[in-house]
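A.B. asks: Each chain is listed here by its residues.
Number of protein chains: 6
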Amino acid sequence: MEHPVSRYAVPRFEELPTDIRDRILAVQEKSGFVPNVFLALSHRPEEFRAFFAYHDALMDKQSALSKTEREMIVVATSSANQCHYCVVAHGAILRVRAKQALVADQVAINYRKADISPRQKAMLDFAMKVALQSYAIDENDFAVLRGHGFSDEDVWDIGAIAAFFALSNRMANLTSMRPNDEFYLMGRIPVK
Amino acid sequence: MEHPVSRYAVPRFEELPTDIRDRILAVQEKSGFVPNVFLALSHRPEEFRAFFAYHDALMDKQSALSKTEREMIVVATSSANQCHYCVVAHGAILRVRAKQALVADQVAINYRKADISPRQKAMLDFAMKVALQSYAIDENDFAVLRGHGFSDEDVWDIGAIAAFFALSNRMANLTSMRPNDEFYLMGRIPVK
Amino acid sequence: MEHPVSRYAVPRFEELPTDIRDRILAVQEKSGFVPNVFLALSHRPEEFRAFFAYHDALMDKQSALSKTEREMIVVATSSANQCHYCVVAHGAILRVRAKQALVADQVAINYRKADISPRQKAMLDFAMKVALQSYAIDENDFAVLRGHGFSDEDVWDIGAIAAFFALSNRMANLTSMRPNDEFYLMGRIPVK
Amino acid sequence: MEHPVSRYAVPRFEELPTDIRDRILAVQEKSGFVPNVFLALSHRPEEFRAFFAYHDALMDKQSALSKTEREMIVVATSSANQCHYCVVAHGAILRVRAKQALVADQVAINYRKADISPRQKAMLDFAMKVALQSYAIDENDFAVLRGHGFSDEDVWDIGAIAAFFALSNRMANLTSMRPNDEFYLMGRIPVK
Amino acid sequence: MEHPVSRYAVPRFEELPTDIRDRILAVQEKSGFVPNVFLALSHRPEEFRAFFAYHDALMDKQSALSKTEREMIVVATSSANQCHYCVVAHGAILRVRAKQALVADQVAINYRKADISPRQKAMLDFAMKVALQSYAIDENDFAVLRGHGFSDEDVWDIGAIAAFFALSNRMANLTSMRPNDEFYLMGRIPVK
Amino acid sequence: MEHPVSRYAVPRFEELPTDIRDRILAVQEKSGFVPNVFLALSHRPEEFRAFFAYHDALMDKQSALSKTEREMIVVATSSANQCHYCVVAHGAILRVRAKQALVADQVAINYRKADISPRQKAMLDFAMKVALQSYAIDENDFAVLRGHGFSDEDVWDIGAIAAFFALSNRMANLTSMRPNDEFYLMGRIPVK
Numbered sequence: 001m002e003h004p005v006s007r008y009a010v011p012r013f014e015e016l017p018t019d020i021r022d023r024i025l026a027v028q029e030k031s032g033f034v035p036n037v038f039l040a041l042s043h044r045p046e047e048f049r050a051f052f053a054y055h056d057a058l059m060d061k062q063s064a065l066s067k068t069e070r071e072m073i074v075v076a077t078s079s080a081n082q083c084h085y086c087v088v089a090h091g092a093i094l095r096v097r098a099k100q101a102l103v104a105d106q107v108a109i110n111y112r113k114a115d116i117s118p119r120q121k122a123m124l125d126f127a128m129k130v131a132l133q134s135y136a137i138d139e140n141d142f143a144v145l146r147g148h149g150f151s152d153e154d155v156w157d158i159g160a161i162a163a164f165f166a167l168s169n170r171m172a173n174l175t176s177m178r179p180n181d182e183f184y185l186m187g188r189i190p191v192k
Numbered sequence: 001m002e003h004p005v006s007r008y009a010v011p012r013f014e015e016l017p018t019d020i021r022d023r024i025l026a027v028q029e030k031s032g033f034v035p036n037v038f039l040a041l042s043h044r045p046e047e048f049r050a051f052f053a054y055h056d057a058l059m060d061k062q063s064a065l066s067k068t069e070r071e072m073i074v075v076a077t078s079s080a081n082q083c084h085y086c087v088v089a090h091g092a093i094l095r096v097r098a099k100q101a102l103v104a105d106q107v108a109i110n111y112r113k114a115d116i117s118p119r120q121k122a123m124l125d126f127a128m129k130v131a132l133q134s135y136a137i138d139e140n141d142f143a144v145l146r147g148h149g150f151s152d153e154d155v156w157d158i159g160a161i162a163a164f165f166a167l168s169n170r171m172a173n174l175t176s177m178r179p180n181d182e183f184y185l186m187g188r189i190p191v192k
Numbered sequence: 001m002e003h004p005v006s007r008y009a010v011p012r013f014e015e016l017p018t019d020i021r022d023r024i025l026a027v028q029e030k031s032g033f034v035p036n037v038f039l040a041l042s043h044r045p046e047e048f049r050a051f052f053a054y055h056d057a058l059m060d061k062q063s064a065l066s067k068t069e070r071e072m073i074v075v076a077t078s079s080a081n082q083c084h085y086c087v088v089a090h091g092a093i094l095r096v097r098a099k100q101a102l103v104a105d106q107v108a109i110n111y112r113k114a115d116i117s118p119r120q121k122a123m124l125d126f127a128m129k130v131a132l133q134s135y136a137i138d139e140n141d142f143a144v145l146r147g148h149g150f151s152d153e154d155v156w157d158i159g160a161i162a163a164f165f166a167l168s169n170r171m172a173n174l175t176s177m178r179p180n181d182e183f184y185l186m187g188r189i190p191v192k
Numbered sequence: 001m002e003h004p005v006s007r008y009a010v011p012r013f014e015e016l017p018t019d020i021r022d023r024i025l026a027v028q029e030k031s032g033f034v035p036n037v038f039l040a041l042s043h044r045p046e047e048f049r050a051f052f053a054y055h056d057a058l059m060d061k062q063s064a065l066s067k068t069e070r071e072m073i074v075v076a077t078s079s080a081n082q083c084h085y086c087v088v089a090h091g092a093i094l095r096v097r098a099k100q101a102l103v104a105d106q107v108a109i110n111y112r113k114a115d116i117s118p119r120q121k122a123m124l125d126f127a128m129k130v131a132l133q134s135y136a137i138d139e140n141d142f143a144v145l146r147g148h149g150f151s152d153e154d155v156w157d158i159g160a161i162a163a164f165f166a167l168s169n170r171m172a173n174l175t176s177m178r179p180n181d182e183f184y185l186m187g188r189i190p191v192k
Numbered sequence: 001m002e003h004p005v006s007r008y009a010v011p012r013f014e015e016l017p018t019d020i021r022d023r024i025l026a027v028q029e030k031s032g033f034v035p036n037v038f039l040a041l042s043h044r045p046e047e048f049r050a051f052f053a054y055h056d057a058l059m060d061k062q063s064a065l066s067k068t069e070r071e072m073i074v075v076a077t078s079s080a081n082q083c084h085y086c087v088v089a090h091g092a093i094l095r096v097r098a099k100q101a102l103v104a105d106q107v108a109i110n111y112r113k114a115d116i117s118p119r120q121k122a123m124l125d126f127a128m129k130v131a132l133q134s135y136a137i138d139e140n141d142f143a144v145l146r147g148h149g150f151s152d153e154d155v156w157d158i159g160a161i162a163a164f165f166a167l168s169n170r171m172a173n174l175t176s177m178r179p180n181d182e183f184y185l186m187g188r189i190p191v192k
Numbered sequence: 001m002e003h004p005v006s007r008y009a010v011p012r013f014e015e016l017p018t019d020i021r022d023r024i025l026a027v028q029e030k031s032g033f034v035p036n037v038f039l040a041l042s043h044r045p046e047e048f049r050a051f052f053a054y055h056d057a058l059m060d061k062q063s064a065l066s067k068t069e070r071e072m073i074v075v076a077t078s079s080a081n082q083c084h085y086c087v088v089a090h091g092a093i094l095r096v097r098a099k100q101a102l103v104a105d106q107v108a109i110n111y112r113k114a115d116i117s118p119r120q121k122a123m124l125d126f127a128m129k130v131a132l133q134s135y136a137i138d139e140n141d142f143a144v145l146r147g148h149g150f151s152d153e154d155v156w157d158i159g160a161i162a163a164f165f166a167l168s169n170r171m172a173n174l175t176s177m178r179p180n181d182e183f184y185l186m187g188r189i190p191v192k
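Residue numbers (our numbering), protein chains in the order written: chain A, 1 to 192; chain B, 1 to 192; chain C, 1 to 192; chain D, 1 to 192; chain E, 1 to 192; chain F, 1 to 192.
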């Protein structure tokens, strides 16, 4: 392949532990391809398992935050960290989840101008504070979010997603993780 | 208790799942007290499990980085993020690991002035870049570290620890996690 | 229309001076739609004329910089300024010019990771310096660019494009200029 | 000449197109000397024409902003960009326009301490936001300025002047444009 | 000595002027050791005298600010400047003055999370503004502090201490001043 | 008086201690007027004495740095701190000392473009590092300055002046100290 998936070696599929192979096969079946994050992180199976367990605990569970909103948090904060992989891959997921072709690029460039609700803007203001100056979080931030109808559990969700992608963005930048070409077009063309 | 452990409710011990109780009992037996991060994160058992699995995969495994060096990375980057819990708790662990009473405060305040080796300074320079501007990591950074004898696997370790604590610092700041009073004095008085 | 083109009123086409109408008709014929920058800036005909005269002097002329390279400069610096209009509109033009579907998103997110040549990375390093800290430009910057084969006239082109879009980005942010929906998909699907 | 006007060659007067010669002769007649910006930019006649057309559209027209206030915007934002030419040249014009010897230096150093009205301070607060973080402009900014009696057209004027000098400052820094010695003393000595 | 006190030579005690020797003997008698700042600055007797005269005028006088509060200002702002000497030495003094073992580390890491009163947080907010962006101090800052019961003379005290340690931190960083080992443990163990 | 000298009361001359009155009379005799820093700081006689003792120890002594060079350091760093009083007052002194009308404004706006020697630029690079990020000073900085012929004592002088004006700038911003009108024109008109 012309462009490597990662700065680090990606093990051959046959070499991987069974549970990681199963996870990779499952995502391939669901998405039609294997997102490179699964390949790049398979370089370290223990970290792979913890990473996806954390990811799933935040992104797949039931929550008052819609899956669309969770992806908005990922895209906005990953853009602030200039994470190539995360903006492209999660931008795609955001388009698919939102059934809206434009919102991912808008949130990536300047979420303040995106076609989102005031509640969602407040959510992203807080996510960006977690991403960029979490030391200054205080009760006023919680009060603002409560004023938009978020519960304290929702605030944990917002903050934890921003925190998890603080990790994820740095791993992608460390490994020079490359997004699959498939992501760029996903969700851009309305399905009739 | 006068000062709460977290902004969020901490479940009663009896309410916790068995595996989390076991983990808490184990750390209590080893340390003589339960570090508050175990209590604060037990608010969300799934995230608790993933968090400590990730932590252990990086901090407890065999590595060319000594445990002391790994704690230096935690303290330096957590200080840059102004994370009260992580600097105090991991400062204590660093003192204990290093069997050196001064190094933790030095690394927390300005690692450039700490009593550490040039190799360790290069390690912390890179960890700080991961913490603060990971988008700019490039081949030159790897070359510098190789020049100090680090392998590419070591660089992953350095970067992954800085990345994991980027998450951890943000969770501690989000929950206003309070370090146990016990940490402040640990490792400060030489044991004969 | 649900989403306004600009914070400011857009004159009706009939009210516009002839030369501005002609320019708008020409771009419509060429592109198949009228990019909103023409509508938003028509609020001030004198400034409209100067803006597009400046634009054309830099972007349409013969130059050792290819049109693709010029659009890379626009996209990279506009992203640094978080300019919604410019990243979306010029991202589209970049995809079309480069006949390459991925490069615009890559340059917008983190040009250091984009599929571009070392010469183009040096070009964008300098463009970003013009955008973000032009006071520090010195002879070393010129020497680096000469080392990549750029003439001093090329350096003027790079710098002037970054400078012109410093203006353009601020006008778009001031007026809350909205990119046309058409831009988002342009150049993403290879034409057989 | 000991100190060059620009990093780039300045054409001989005879080589310049007629319209540019006329413009230069006009400014010389009015000012008694040719400000170096006319010489430095004559290196590129097309850009020269667009630059001064834009300049005149903002700085010479009728506006609710006085010419003094417009020069304040130039001086404050050019100082933030550390633009040697623009602070010196427009500082001189500001002193002459304001018939006030001190205000230009005050605005250049720290406009918050200058002998200007609260309305003018609000104007400069907004101009600085356009100069430094235009992505964050929102309705609150407009509300503040309306509270000081500015119309939305006035806000465009403030923002457009700050945007135009974002361009101008970068061109001056790119070309290392040198202000004429004459500017330094202009307007400093009260004329009886 | 393994770790030098300063980048610069420290005169032998016998070589020092009498007044400086007396000052050093006095501090040694009171503290049981000679803090290295006295040795490092004795390299320049005139500056030594002015430095400690200034220090004493602010830190030893009667004031509505308690000595504990004054040390909080020193620790918080010195941490922002990453001053190894000042955080360690004044952290020790703060612990002793406050008769509280934890507060110094808390204020050094993130004063917003420290066990201090809202009035003390407001005091440190202002001290940090003096340390980091004094150009933006305005009447609103004074109003906030008055709202917490501070007089304008108290505000001078807060600001002057932050200003003096802006000097002190820079001198310590310039000379690579090393804190005495004794400081690290002072005030950490409650005295019965 | 229309514009107050300081946010704080200035004692009547008769109320001041004798030594402070003498100092004020001496400067008045020398300069022809009393610079406002003497009035503003006389609000606190103890601090006044220490301030000027420190000032004189650095600015009036024999040194390998010329008095002109010392004033360059003051002007450059005070501009970075946006200190109205210090830039205006020391800009005047710099013009007088340098017998050069232009250099003070140049150094205040962007010292990289000023008509100064490479050695003086290196001196100001270091002074700015002391002013803005003293925690990062290291042996490389000393090596660069030695390469320009500065001794380590000269480096102390450069750093100590930048450090002292870090204090001075903050006091001027705290008190909203106003420069005397006389300063603005001093040294601008060549004396035959």
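Think of the hints as simulated: they come from the structure by calculation, not from any bench. C-beta: ideal position from N, C-alpha, C; glycine also. A few of these clues could be false.
[To be verified] Residues from chain E that face chain A, not an exhaustive set, calculated with beta carbons under 10 angstroms:
1. 109
2. 110
3. 112
4. 113
A.B. asks: Is the shortest C-beta separation between residue 113 of chain E and chain A less than 10 angstroms?
C.D. replies: 8 angstroms, holds
A.B. asks: Hint check: is the beta carbon of residue 109 of chain E less than 10 angstroms from a beta carbon of chain A?
C.D. replies: Result: holds, 9 angstroms to nearest chain A Cβ.
A.B. asks: Next item in the hint list is residue 110 of chain E. Is there a CB on chain A closer than 10 angstroms to its CB?
C.D. replies: Holds - the Cβ of residue 110 of chain E comes within 10 angstroms of chain A, reaching about 5 angstroms at its closest.
A.B. asks: Does the nearest C-beta of chain A fall within a distance shorter than 10 angstroms of the C-beta of residue 112 of chain E?
C.D. replies: The hint holds - residue 112 of chain E has a Cβ within 10 angstroms of chain A, the shortest such distance being about 7 angstroms.
The structure shown violates none of the earlier numbered hints.
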